[in-house]
Amino acid sequence: MSTGLLAILFGAIFVNNILLMRFLGLCPFFGVSTRLSTAIGMSGAVLFVMTFATWITWGIYQLVLAPNSAILGGILPGGLVFLRTVSFILVIASLVQLVEMFLKKFVPVLYSALGIYLPLITTNCAILGVTFLVIDNNFTFLQGTIFAIGTALGFGLVMILFAALRERLDMAPISKSFKGYPIAFIAASLVALAFAGFASLFGISPQ
Amino acid sequence: MPGRNLNLDIVNLHGIIRPMNAKAGAAEASALEQPKRESNWQIFSKGIVFENPVLILMLGLCPVLATSTSVRDAAGMSAAVLFVLLMSNIVVSLMRKIIPNQIRIPVFIVIIATFVTIADYALHAFTPDLYKVLGIFVPLIVVNCIILGRAEGFASKNGVWPSILDALGKSLGFALAIIIMGAIREILGNGTLFKISVTPKAFQDNKILFFILPPGAFLVIGLMKAAVNKIFKREG
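Line by line, the protein sequences give chains Y and E.
In terms of this note's numbering, the first sequence has 25 at position 25, counting the first letter as 1, and numbering is strictly consecutive.
In terms of this note's numbering, the second sequence has 103 at position 103, counting the first letter as 1, and numbering is strictly consecutive.
Chain Y extracted, bound-state conformation (with noise of 0.2 Å):
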């Protein structure tokens, strides 16, 4: 996979879409996405805790996790990586409550935009997957950042045009047993064949 920053852009939002190509963070897109108002929300939560939570995430894996470490190197050569799991969620779990309480006390205008989503934040999985996929990749600072930016753009585009399609299908005349989950899972379906269509762009291969 080329390491350029666009690919890594690009392929995060389109060709590797967190939702639709990894599954991740699949709750929320299910739970929340009936309505445009919430997504839009929830995409915007996502966006603020995903690039704190891998800036500090990665921070920590290189300053004290990882082989040969700049803090515990000297130590510890092989490192702690076995604490990655534990240490990642928690810090992870941390964040959102620091953060919950920053915009509360110093952004109130965002904290009553975004609020009532960073709980539900702790645990999807996209953040936490996002962080090990930065760690697994070998990514820079610079690189983690932009991906961790693109696959939250990648959510939220995913997230607003779901919401969008899921307000008809309310409507829509299906029978009794397809409505709600099953109908939002075949439109998923749909919805994940087009972006397969992506595969390759820019050279792009999928993961």
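None of these hints come from the bench; they were simulated from the model.
Where a beta carbon is used, it is the ideal one built from N, C-alpha and C, also for glycine.
Any given hint could turn out to be false.
No farther apart than 16 Å at their CA atoms in a straight line, the calculated lysine to aspartate or glutamate pairs in the EDC-like style are these [to be verified]:
#1 E:K233 to E:E51
#2 E:K157 to E:E38
#3 Y:K179 to Y:E167
#4 Y:K176 to E:E235
#5 E:K132 to Y:D136
#6 E:K195 to E:D129
#7 Y:K179 to E:E235
#8 E:K97 to E:E152
Partial selection, computed: residues in chain E whose CB lies under 10 Å from chain Y [said to hold, decoys possible]:
#9 L59
#10 C62
#11 A75
#12 A113
#13 G135
#14 I136
#15 I208
#16 F210
#17 G216
#18 L219
#19 V220
#20 V228
#21 N229
#22 R234
#23 E235
Following the hints, position chain E against chain Y.
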């Protein structure tokens, strides 16, 4: 207030307080009103069919869709979930009286993450091929709604033995859903089952690749959910 409704949704979404579906929720609420205790068999069996975490409650969808490209991968994922859910339920129920109520969720998360790390390293060491396919979905079991939901909703309130049965029932329900889905996708998309050819050669030459790709996963689970709704006469 839209915020109020959404907060209820948040709780529902993660299955922590009550299952997503209103009917299942109502059933649980009526069960709470009756002081009668459930038998061990009921605790075990309801996770498999009537409260199937995937097909009825729609929890933990990410690994179901991502790792059901073949029966072997689906079985590997189920084994990892079984191990983590069983161990975390046991430890949470053993420690339920000493975990302070205010910090219980972080404590549960640390317990779950510990077993997820063990499962991750064990798969890496003993089944490297499988580990490669499952990829980040093994460490991501830590944010799987089913596991935290059972720790909070069941193991933190019940003894060790019911918690073991509950974990076994829920993980068998998860395994049932993901393995059926893996079988459908592997037969249609690859013409094989457990990597053994089960279809005529004419089909082998014209596999329906669609079912192995991500869009096929959404279609198969959509149709499975519709079939479940039809059988149980449910909606949504």
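Worksheet item: Does the CB of A113 (chain E) sit less than 10 Å away from some CB of chain Y?
Response: Holds: closest Cβ of chain Y sits about 4 Å from A113 (chain E), inside 10 Å.
Worksheet entry | Status of the R234 (chain E) interface restraint (C-beta, 10 Å, chain Y) | holds, 8 Å
Item to complete: Would you settle whether the hint for V228 (chain E) is holds or violated, based on the nearest Cβ-Cβ distance to chain Y being less than 10 Å?
Response: Given a least distance of 8 Å, the restraint on V228 (chain E) holds.
Worksheet item: If you draw a straight line from the CA of K157 (chain E) to the CA of E38 (chain E), is it 16 Å or shorter?
Response: The hint holds at about 14 Å.
Worksheet entry | Restraint check for K233 (chain E) with E51 (chain E), where alpha carbons must lie at most 16 Å apart | holds, 14 Å
Item to complete: Assess, step by step, whether the Cα of K179 (chain Y) is no farther than 16 Å from the Cα of E235 (chain E), and give holds or violated.
Response: holds, 6 Å
Discussion item. Next pair to validate is K97 (chain E) with E152 (chain E); report whether the Cα-Cα distance is within 16 Å.
Written reply: Distance ~13 Å between K97 (chain E) and E152 (chain E) Cα, so the pair holds.
Worksheet entry | Restraint status (C-alpha distance of K179 (chain Y) to E167 (chain Y) at most 16 Å) | Since the Cα atoms of K179 (chain Y) and E167 (chain Y) sit roughly 13 Å apart, the hinted pair holds (cutoff 16 Å).
Fill in: Cut-off 10 Å, beta-carbon criterion: hint that A75 (chain E) touches chain Y
violated, 18 Å
Worksheet item: Is K132 (chain E) close enough to D136 (chain Y), meaning Cα to Cα at most 16 Å?
Response: holds, 12 Å
Practice prompt. Mind checking the alpha carbons of K195 (chain E) and D129 (chain E) for me, to see if they're no more than 16 Å apart?
Written response: holds, 14 Å
Worksheet entry | Given hint L59 (chain E) near chain Y, where the shortest CB pair must fall under 10 Å | holds, 8 Å
Checked against the numbered hints above, the structure violates hints 11 and 15; every other hint is satisfied.
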